[in-house]
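Go by the hints and put chains B and C onto chain A.
Protein chains in written order, with the working numbering: chain A, 1 to 259; chain B, 1 to 428; chain C, 1 to 649.
Simulated from the structure, these hints should not be mistaken for laboratory data.
Where hints are given, some of them may not hold.
[To be verified] Partner residues aside, some chain C positions facing chain A, computed with beta carbon under 7 Å: (1) Leu31; (2) Thr35; (3) Phe249; (4) Met254; (5) Gly255.
Glycine included, C-beta positions come from ideal geometry on N, C-alpha and C.
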Amino acid sequence: MSEDQTVKGEEMETSEVPVTDTQETATVIEHADLVDDHDDHGDHHSSLGVSNMKLAMWLFLGSECLLFAALISTYLLSKANFITELVAGNPTVVASMQKFKDFAPEKYAEMLEKQSVEPIFDIPFTSASSFILLMSSLTMVLSHKAISNGDYRNTRVWLAATAFLGSIFLAGQVYEFSIFFSEGITFNGSLFGSAFYTLTGFHGIHVTGGVIMLLALLILSLRGKLQRDRAETVELVGLYWHFVDIVWVLIFTIVYLIP
Amino acid sequence: MNFSKSHSRKFITSAGLALVLASCAEDKPLNTFEPAGPKAQTIYDLMTPLVWIIMAIIFVLVVGGTLLIVVKGRVTEDEYNPDELPAQIHGNTKLEWGWTIAPFLLLAALSFPMVQSIWELEGKNAEGELDVMVIGQQWWWEYRYDVDGDGFFRDGNGDGVVDEKDEELPLEISLDRDDVVTATELVIPTDEQVDLTIASRDVIHSFWIPRLNGKRDAVPGRLHTWSVQADEPGKYTGWCTEFCGLSHARMRMSTIALAPEQFEAWLENQANPAEVPTDTSALAGREIFAQNCVSCHVVREAGDAPEGVTAIAYAEDFVAPLDSGAAPDLTHFATRSSFAGGIYGVYVGDLGDPNDDALDAGDYLALSQLAETQDSGYRFNSPELKRWVANASSRKDMDPDSLQGMPSFNQLTEEQLDDVVSYLQSLD
Amino acid sequence: MSENLPAAETTSGSPVSLGAWARPRNPKGILDWLTTVDHKKIGIMYGAAALFFLIIGGAAALLIRLQLAVPADSPEDAIFSGDTYNRIFTMHGTVMIFLVVMPIGAAFANYLIPLMIGARDVAFPRINAFSFWVFLVGGIMLNTSWFLGGSPNGGWFNYAPNTGVTFNPDVGIDYWNIALILTGIGSLTGAINLITTILNMRAPGMTFMRMPVFIWMSLVTQFLLLFAIPVLTVAQVLLMMDRTFDANFFNTTMGGDPLLWQHLFWIFGHPEVYLMILPAFGIVSEVIPAFARKPIFGYPFMVFSGIAIGFMGFGVWAHHMFVSGLGPLSVTAFAVATMFIAVPTGVKVLNWVATMWGGKIILNTAMLFAIGLVTQFTVGGLSGVSHAFASSDTQQTDTYYIVAHFHYVLFGGALFGFMAGFYFWWPKIFGYKLSESIGKANFWLMVIGFNLTFGPMHVLGLQGMPRRMDSYSSVQGFTFWNQVASFGSLILAIGTLLVLHNAFASHRKWVAAGRPNVGADPWDARTLEWMIQSPAPTHNFDTTPTVTGLDELWRRKFNKDEDGNWERVASGDELAQPGNGKGVHLPAPSYWPLALALSMVPIAYGLVYSLWLTIPGAIMLMASMFGWALEPADDLDAPDDHHLEGASA
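Isolated chain A (complex conformation) (with noise of 0.2 Å):
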């Protein structure tokens, strides 16, 4: 980040520090790097060629796939227990599922053929609020383009589309949330709720960060401090935005698509 910059190049080349005969040479260079790269102006080097924000952005989201990896865990770890609860809902019968499970798996195994979590997934509705989230991922790269073309306008225009569709995608969370809720699946009255809430809640805040951060990114835009040379920015939300598009990918795929 530019306001984390170690050494100015203009402050270094009017400086008197007394450089010795061995320190010169990496005066030098440290020079020419200042100097020629205008984008990469915060860092005062850079040994692996990307500017450092770039860098923890990556490291940031090897994190966040861990994170997800652990939630995805859970959800399938919990997943050979969920058919009891949306059977009934009721703790006592639940109680009595798993029993049949330990002492008579064949009987426990023809229950659960009769019960199904798949009725209560709308999957014509999510697959398009998915389809909407993808298609954000585009709009994502066409503001991207449009910056490093300078094509302000057209920055601005992208960058509210990616954020509108984001904010489709997370309308239809709500709503879906608000129907499995009517129909009796609540976050505390099954384990099938609780991974699931805690599941795709998780990925809608990650999707509400993401929107907030793109109408930041407008603000600024629209204020005429979002240029050419600060691109770089708009890809960093970018790389997040198809992060979270992809983590959404395989929760769509193992939540909803595999039975």
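Chains B and C only, in chain A's frame:
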């Protein structure tokens, strides 16, 4: 202490650590270096030559080598010349590959017997004749014997078949009318593998009798298979080894191995229902018990109670008002040698301490008769039982307000406490 | 995410873009420490906080040893009740791991990484400050539980369902959960920051294979944090959902599975073990070459074994669960994997020994502690291999044998390494050497006390004494060795406190002598941080050095003549930079990292007591993020060298 000669010889041949342990092994009831059954023996035989000795050799080589190098290479402040350098060696690829591959090969070789032992121990788990269900709860163990041999421990309604009606009753609830239910002491026949099904009613516990086998967790919602076998009659103590809350340190248990014919006699007695006592004090104690204790504790009685005596009856879906839903079954309380999670003796005297392994297995069946004889050396532990009934939480950390453990009954008078204790003594 | 907003805002060329408040100017005294973004000051604060928590954790350890010094046949014979004891041992473990060993590692990483790679600061100085403050908020919050309704009592491993609201209704577990989520946030942001720093801010010429081993080990450590912390956070969030919002993840009557907690916790927990020990490995890999006066033996093997440990550390978590009923197939797979993780660790030990072999060994305190690590850690490593024998682990797990094992690894390993690091880098950090005579006493008391305390625990464990026991019976045969351990713990405590005494005593002596300059390179050492003055000037390097190989400073000091003999061409002080960085512009201090961390306080307590409290917390959080984002990039009115007043020393 069953410290056999062949074991002594093994100890002497074992190096280092094993020697230290063996030399002070006499009074260690939980010693893992004194196996008393084939499973513990298998583990011991794996570890002693392969692990302890090899590790000791590596330890001596590495640490000894390090100290030797340090002592040899040491320069004092006077000798130190900052401009004089030792030979600057950056490495030796062959050597380094050598000490990467050599430990790899050593460990690969060791992993064969290791893997073999895992499968050997696991594979034997379901081969025994006798099935016992071991159920952990805060902070004691319950044992259910599958006496009728139907493979189930939960014939809830006592009709001899496990049907849907039984299944609808969760584990916490069922009162088994024909299988034997006991607590704290797992009684087994010698020279026979006993298969255990380990379960839990609340949090995670772990069942461990070190001299008979390793440990296995009792996880709520899961059933784990395990087994024990003892070569000699005697008492083998154990301890819950998974942290299970407030009184984890006082959740102990023991396994009592009896000669097969003695075990049969024990089992037959346990399958009988309790009798209504005839002694006045015990009968008065039974009344107090029927008013205060039956909300948690079970005493199975046969048929209707005699006239003028409060009947003790339990609903089929009886659940104790506790987090675990169960308190120890007291039907044959006076046949046990310890109570309160194995920390206090039901009998005292020649028996030794309940945490000790000093118990004459031959006397185990006759404890209640012996205690009534003046000079037998055994006495019923009335003082401790009275303290326990009056205020259990002062004798073992418990939290009855959160439904974890036994509430205090200090409203009972001294005489009433005596009556309750003599009722308990009558339950043999 | 807020971090990218100011970038958008301060477009290059527009010099003044002031937010609501300017950055603090020339803060003095306490305000200087509260607003600093200097990696060195943050490193010192990490170290100071960790030593403070070490005293708390150490006091808890002594109380444990006090309780176990005498058997208790009934609760009336015991010194503490079971409840108190459970809280003490839980806090001992939690504090020592999360608030002592991890932050000491962070202290060394923060202070040393920029110096050893020749950078001006870390990549994101404000985030660095935030990482520290949020860690401190979490650590203090955890310890306030002693006074506010009881500290956690579920063990540091916090196994569900014992920690569920049914079995554990009081707030201690909530404190544990939420405080550790906070320290986790600190670790995670710190990891991103330090990895970026190492990967991207190395001095010219410092390729990956020229980085000091300490930097490599720090890099692996930070990657372990990056990938392990989110898994712990998920586990804690699930437990929080269960406790606060009545979810069912660990509720067995609703189909929840308690083993889920164990899997998630140990997927975090095993990398955790390595990320605690690797910084210490890095430290001794610097100390041993410096005092054996030889380069590290087999540098590539040291590096790749560290990386191998990092990777394998994620694949062996279930060896903590051999008795949980995983089934023989899983047990076999994890047992075999666990055996082989001993290989890279063994390579490291042998390479250290080979580094000392044929060297001219200067046995000062730092070197003694480094040798202490090599020998004591070997004991812990070997007992670790014995756990890999899964069938025998069913006898050992959850006994004092395990307690002995991990104290040999964490105390004899990590803490001895950290002590070596303190004695080695103290002159660089504070400008004076620690006393050698007190240091030797410090070492010998610690090593004797340590072995007296934890050695007997091997015996106790194999004789069948389980862990987490508030008492044992007088007839179980555990009394003698427990008393030896309790006696040893006193010696160990005195030994450990000597390092603090040494710091103060040596400082007094130094001040009395008129603060003599210790010199840039007091140990005739090898790496870049010894090229700058001691204590390190605020701006680190006057000019960034160009690196031509491993051990850059050493290469500048010695040259090989035609006969192949090494001769000195310069002394460290001749090569040292003068430390007058006039014209160097440093990142200005900021209020917002602290403000953002403090906004976590109402949120955290709100999650424990009342969700209403989270609302003011959220408002504070938003305000801090805005302040952070809108803060001007730098205080442009300030003179160029306004941070350099202390640097001319």
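(message) For a quick check of understanding: which of the numbered hints are violated here, in increasing order?
(response) 1 and 2
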